[in-house]
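2 protein chains.
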Amino acid sequence: MLSWAAHSLRLGATGCQGSWRSIATIISGNKTSKMVRERLKKEVEKMASQFSGFRPSLVVLQAGDRDDSNLYISTKLRAAAEIGIEAKHIRLPNTTTQEEVLQSIMSVNENPSVHGLIVQLPLDSVNHIDTDLVTNAVSPQKDVDGLSCINAGKLSRGDLSSCFIPCTPSGCMELIRQTGVSVVGKHAVVIGRSKIVGAPMHDLLLWNHATVTTCHSKTPDLPEQVGRADILVVGAGRAEMVRGEWVKEGAVVIDCGINHVPDETKASGKRVVGDVHYASASQRAGYITPVPGGVGPMTVAMLMENTVQSAQRFLLKSRR
Amino acid sequence: MLSWAAHSLRLGATGCQGSWRSIATIISGNKTSKMVRERLKKEVEKMASQFSGFRPSLVVLQAGDRDDSNLYISTKLRAAAEIGIEAKHIRLPNTTTQEEVLQSIMSVNENPSVHGLIVQLPLDSVNHIDTDLVTNAVSPQKDVDGLSCINAGKLSRGDLSSCFIPCTPSGCMELIRQTGVSVVGKHAVVIGRSKIVGAPMHDLLLWNHATVTTCHSKTPDLPEQVGRADILVVGAGRAEMVRGEWVKEGAVVIDCGINHVPDETKASGKRVVGDVHYASASQRAGYITPVPGGVGPMTVAMLMENTVQSAQRFLLKSRR
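Top to bottom, those sequences are chains U and B. Be aware that the first sequence starts at 1, since it is given in the working numbering, and climbs by one per residue. Be aware that the second sequence starts at 1, since it is given in the working numbering, and climbs by one per residue.
Hints are computed from structural coordinates only; laboratory data are not their basis. Since the model is a prediction, treat every value here as computed from it, not as a measurement. The reader is advised that the hints may include incorrect statements.
Each pair may be met inside one copy or between any two copies, as identical chains are not told apart.
List of simulated lysine to aspartate or glutamate pairs, DMTMM-like, C-alpha gap at most 20 angstroms [as the list claims (entries may be wrong)]:
#	residue 1	residue 2
1	Lys218	Glu110
2	Lys270	Glu240
3	Lys317	Asp130
4	Lys218	Asp159
5	Lys41	Glu174
6	Lys195	Asp159
7	Lys317	Asp221
8	Lys248	Asp130
9	Lys88	Glu245
10	Lys248	Glu224
11	Lys248	Asp221
12	Lys34	Glu174
13	Lys31	Glu43
14	Lys270	Asp67
15	Lys31	Glu110
16	Lys266	Glu86
Generate coordinates for the entire structure from the input sequences, incorporating the hints supplied.
Spelled out as C-alpha cells, the structure:
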C-alpha cells in the first residue's frame with residue numbers, strides 16, 4: 001500500500017504560503033506489476049513442489065508477423081518464463097485461413113496440459129478472419145484474456161469468481177487496491193466502453209460496489225462527470241483529453257491511454273502520453289498513474305495471474 | 001409518441017398563480033404493450049402467409065406448481081395465442097431432478113420447430129437444481145428471456161443485433177421510446193444491478209448512447225444521483241423508495257417495482273406500488289410509468305417480440 005506521507009506537501013516556498021496543496025502520489029505500475037510477478041513466481045514454485053513438477057502452461061497464438069504483435073508476444077513470453085509458466089508461441093503464416101485458426105484453437109482447447117490460450121490481436125492475414133468468432137472459439141476455461149462472450153457475460157452480471165477478468169481492467173483494480181482507497185460506495189467514473197478496457201472496468205468497479213458512471217464519445221458534459229469521480233479510469237484513446245482542472249481534489253486517477261505525440265526534443269521525434277493531462281491532473285488528484293509505467297506493465301502481469309489461476313482451477317478440478 | 005400537450009398545465013387555481021407547474025405525462029404500458037402485440041400479430045400473419053402456415057413457436061418449461069408461476073405462465077400463453085405464436089407448456093413434477101430439467105431443455109434445444117424456450121423461475125422442486133446451470137443450458141439461439149451468459153455477454157459489450165435482450169429492460173426502452181425523448185447523450189441513472197432488470201438496463205441505455213450511472217444498495221448519495229437523471233429507471237425492489245423531491249424536473253421516470261403494501265381500504269388488505277413514490281414524483285417528472293399498468297405489461301409483450309424475432313432469424317438462416 002502506498003503511504004499517505006508523500007501525499008500532502010506543505011508548499012510554503014511556492015507562493016502557496018500557509019496553505020496545504022496536494023500533489024498526487026504516483027501509483028507505480030512498474031513496482032506493482034513486479035510485486036504481482038514475484039507473488040506468482042512463489043505460487044508456481046509451490047505448485048511445482050506440491051504436484052511433482054506441475055507447471056501452468058500458456059499458448060499464444062499469432063497469425064502473421066506484425067512488429068507490434070511480435071513485441072507484445074516477446075514481453076509475454078519473457079514474463080511467463082520468469083514466473084515459471086511454460087509458454088508456447090504458435091505462429092501461423094499471414095496466408096492462414098479462418099478455418100486453420102479455428103483448428104489451431106480447437107487443438108489447444110482439447111489439450112489438457114494447456115491452461116491458458118490467448119489469440120494475439122489484430123490477426124494479420126491476407127484472408128478475412130472474423131475476430132469475434134475466433135475470440136469466442138477459445139474455451140471459456142482457458143480464455144485468460146477474458147474476451148469471450150461467456151466470460152464477459154459472467155463479469156457483467158457479477159459472477160466474478162468463475163470467470164476470467166480482462167487483463168487491463170484487472171490491472172487497474174490492482175493499482176487502485178495499492179492506494180488503500182476502498183472502492184465500496186465511491187463514485188467511479190469510467191471513460192470509454194471498449195470490450196478490453198471500459199466495459200469490463202465498469203463491471204469490475206460495480207461488482208466491487210462502487211456507484212459507476214460510464215462516459216464515452218456521446219457524453220456532452222465530460223468535465224462535470226469527471227469532476228464527480230472519486231475514482232477515475234480513462235480508456236478513451238485520445239491524448240491528454242482529460243484536463244487537470246476537471247479532476248476532483250484527491251481523486252484516484254488511472255490512465256489506460258498509450259498515445260504517441262510528436263516531440264522534437266526526442267531522438268524518435270515522438271513521446272508517449274496517456275489520455276490524462278498528467279502535469280495538471282497530478283496537481284489535483286490524490287493518486288495518479290504515470291504513462292508509461294502505470295497501467296501498461298500491469299496488463300502482462302494480470303495475464304500471468306489469470307494463467308496461474310486457470311492452472312489452480314485445473315488442479316482443483318482434477319483432485320475432486 | 002405521447003403528446004406534449006398534456007405535459008404542462010397552468011395551475012392558476014391551485015395556489016400556484018402565475019407560475020407554470022409540470023404534471024408528468026403518464027407512459028401507459030397497457031397501451032404500449034397492446035401496440036406491440038398488435039404489430040407482432042401482423043408480422044406473424046405475414047410470416048404465415050409467406051411461408052405456408054409457418055408460425056413462431058415458444059416452449060415454457062416449468063418445474064413444480066407455484067401459484068405465482070402458474071399465473072405468469074397463463075398470461076404468457078394467452079398473449080402468445082392472441083398473436084398467433086404456438087406456445088407449449090411443459091410442466092415437470094416438483095419431484096423432478098436437475099438432470100431431468102437439463103434433458104428437457106436439450107430436447108427442446110434440438111427441436112428445430114421451436115424458436116423460443118424459457119424456463120419459468122424460480123424452479124420449484126424438492127431436489128436441488130442449479131438455476132444458473134439450467135439458464136445457461138438453454139441454447140443461446142432460443143434464449144428469448146436473454147438470461148444466458150452468452151446473451152448477457154453480447155449485450156454488455158454492445159453486440160445488440162445478435163443477442164436476445166431481457167424482456168423487462170427491453171420493455172423499459174420501448175416505453176422510453178414512446179415519450180419521444182432521445183436517449184443519446186442523456187444522463188441515465190439505473191437503480192439496481194440485478195441480472196433481469198438493472199444490469200441489462202444499464203447495457204441497453206449505454207449502447208443507445210446515454211451516459212449511464214448504476215446505483216445500488218451501497219450507493220451513499222442516492223438522492224443526489226437521482227437528481228442528475230434525465231432518464232431514471234428503478235429496479236430496486238423497495239416500495240416507494242425514490243421520493244418525488246429527488247427527481248429532476250422533466251425527467252423520464254420508469255418504475256420496474258412491483259411491491260405489495262398493506263392497505264385497509266382494499267378488500268384484499270393490500271395494494272401494489274412501485275419503487276417510486278408516484279404521487280410526488282409525478283409532480284416533478286416529465287414522463288412517468290404507473291404501477292400497475294406501466295412496465296409490467298411490457299415484459300410479456302417483449303417476450304413475444306423476442307420469440308417472433310427468433311423465428312425471423314430462423315427463417316433467414318434456413319433461406320440462406
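Quick rundown of the hints versus the structure:
no. : hint            : in the structure
1   : Lys218 - Glu110 : neither (43 angstroms within a copy, 42 angstroms between copies)
2   : Lys270 - Glu240 : within (15 angstroms within a copy, 57 angstroms between copies)
3   : Lys317 - Asp130 : between (32 angstroms within a copy, 18 angstroms between copies)
4   : Lys218 - Asp159 : between (29 angstroms within a copy, 18 angstroms between copies)
5   : Lys41 - Glu174  : within (17 angstroms within a copy, 52 angstroms between copies)
6   : Lys195 - Asp159 : both (17 angstroms within a copy, 10 angstroms between copies)
7   : Lys317 - Asp221 : neither (49 angstroms within a copy, 43 angstroms between copies)
8   : Lys248 - Asp130 : neither (42 angstroms within a copy, 45 angstroms between copies)
9   : Lys88 - Glu245  : neither (47 angstroms within a copy, 61 angstroms between copies)
10  : Lys248 - Glu224 : both (10 angstroms within a copy, 17 angstroms between copies)
11  : Lys248 - Asp221 : both (15 angstroms within a copy, 17 angstroms between copies)
12  : Lys34 - Glu174  : within (12 angstroms within a copy, 50 angstroms between copies)
13  : Lys31 - Glu43   : within (19 angstroms within a copy, 61 angstroms between copies)
14  : Lys270 - Asp67  : within (18 angstroms within a copy, 69 angstroms between copies)
15  : Lys31 - Glu110  : neither (37 angstroms within a copy, 53 angstroms between copies)
16  : Lys266 - Glu86  : neither (38 angstroms within a copy, 70 angstroms between copies)
Consistency with the previously given hints fails for numbers 1, 7, 8, 9, 15, 16, ordered from lowest to highest.
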